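Let chain S serve as the given structure and place chain D on it in line with the hints.
So the sequence lines, in the order shown, correspond to chains S and D. If you use the working numbering, the first sequence corresponds to residues 1 to 331, in order. If you use the working numbering, the second sequence corresponds to residues 332 to 475, in order.
Be aware that one or more of the hints could be misleading.
Unchecked claim - Here are the simulated BS3-like pairs of lysine-lysine, each with C-alpha atoms no more than 25 Å apart in a straight line: (1) K371/D - K180/S; (2) K100/S - K371/D; (3) K51/S - K180/S; (4) K81/S - K420/D.
Stated by the list, open to error - Facing chain D, according to a computed beta carbon distance under 7 Å, are these residues of chain S, among others: (5) G90; (6) L116; (7) P119; (8) T122; (9) L303.
Simulated from the structure, these hints should not be mistaken for laboratory data. Since the structure is predicted, the reported quantities are computational estimates derived from the model, not experimental observations. Yeah, the Cβ is synthetic: ideal placement off N, Cα and C, and Gly gets one too.
These are the residues of each chain, in order.
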Amino acid sequence: MFRWMACELHTHTLHSDGRQTLAELARGAVELGFQCIALTDHNTMAGLAEKETVERETGLPIIPGMEWTTFYGHMVTLGVKEYVDWRTVGPRDIHAGIAKVHAQGAIVGMAHPFRLGSPICTGCHWEFEIADYRDIDYIEVWSGTFPSVKPNNARAFRFWTEKLNEGFRIAATSGRDWHKQERTEEPVSVTYLGIDDAASGDVAEKAVRAVAAGRVSVTMGPLLLCEVESSGRTYTLGDEVPAGDPAERIRVGITVDDSVRRGLWELSEGGLEARITSNAGTLAEIVLDNGRRSASVELPRGLLRWLRAELIGIMRQARTMIAFTNPVYFA
Amino acid sequence: MLLDVQGRVTPDSNKTHIVYAFYVPPRTEKLHIFLSYAPKRLEDVGLARKLIGESLDRYVLPEHRSHFPWESFLPLQNLITVSADDPEKFRGASHSHEVVQEHVIGETASPGFVDGPVPSGMWRVWLSLHNIVTPTCDYVLRVW
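Chain S extracted, bound-state conformation (with noise of 0.2 Å):
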């Protein structure tokens, strides 16, 4: 079983051009419900120092991380130990960066990928040529607050989606890229990560992990979580459910909490609906009316390569995807 841990993902202190020491940017995610950040300022690690004594003072672990503020692409890196120079990488070079980061057991994400490049903001739109997407670890799908209804957000996610289609089990987070404490009217999104409290290694080490497994789930409101049920054997968010017979009956289940981070979010009444997307399209609609939190469906597995659930809601008078899973794949 894991625990499912609320994560901020991208943020930034005054190390780099944050309007935040990490102590208030701690102390600010705490309020918020957070449970875990990690730090990734530009093309620095030198906020980390300070890590231990803030991670004390607030009880909130903190990933260590940077965001690669090159020319051609922002990265993100979680779990590294050593600064890794993003100063010789060319535009055709990135697998040699993130090789060197994946050494250290640390991971690649892509930041924002469709936001404005130069000269309106030089590398905020990724650039780099990617010649094997099994080197990325994960895309920022949801950048910014209130991140599904902005339409370079959905660019990213449709751009997420072609690259699960074509085979990559590639992870999808939300990042808000905190630069300073104000307060938003705004919703504010939440990658929550299944932490296996049993294994080894502290809380941001495990968090590192959940991101590179697919433990993610992704929201505004309420938890969303999905799995599936084959052969007598339940499946969660970046498991693989082994090769079988496509006849087979499996079962996908989905439960939305609105347990968590309470009164910290607002979602409309009524219109809320879930969604199971895959490879082969929209498996099911349900409509969640009267209070309904959770429900299930038989299907055959057919050519089934991933499946994810999606939610989709009201907030803010938007009629929008509120939530949305990391895929459950099959071999």
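This is chain D only, laid out in the frame that chain S set:
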């Protein structure tokens, strides 16, 4: 003074690094790095509109264009950041957007830079030209 240089760059040098290597003598306790550059903003609105238009053509899908009015991206701005390497390793970077910056590397380093001794030897300071959008941009870099 260990390094005192000035230079002029143009948009042709966009997305390049200028690296200065210099000798730091023994028993140096602190290194100070000063960077200034000007101008910051592209004041020519006609040129800015053209450049923003090109950027929108390149980075935004046609169906999303109405979400991105060109005026919302004014002003276009230059961005030069500074980073430093001691003879052995990376000693930090500043991703400040300020046009006048002073940084210190030593037992207590300023934000972005790594605390520690200042070893003698050949150091490098990098100017990373993330964005040069004005016809010319002049910089001053001093290390002492």
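Exercise. Against which earlier hints does the structure fall short, listed by number upward?
Worked result: Failing hints, ascending: 2, 5, 9.
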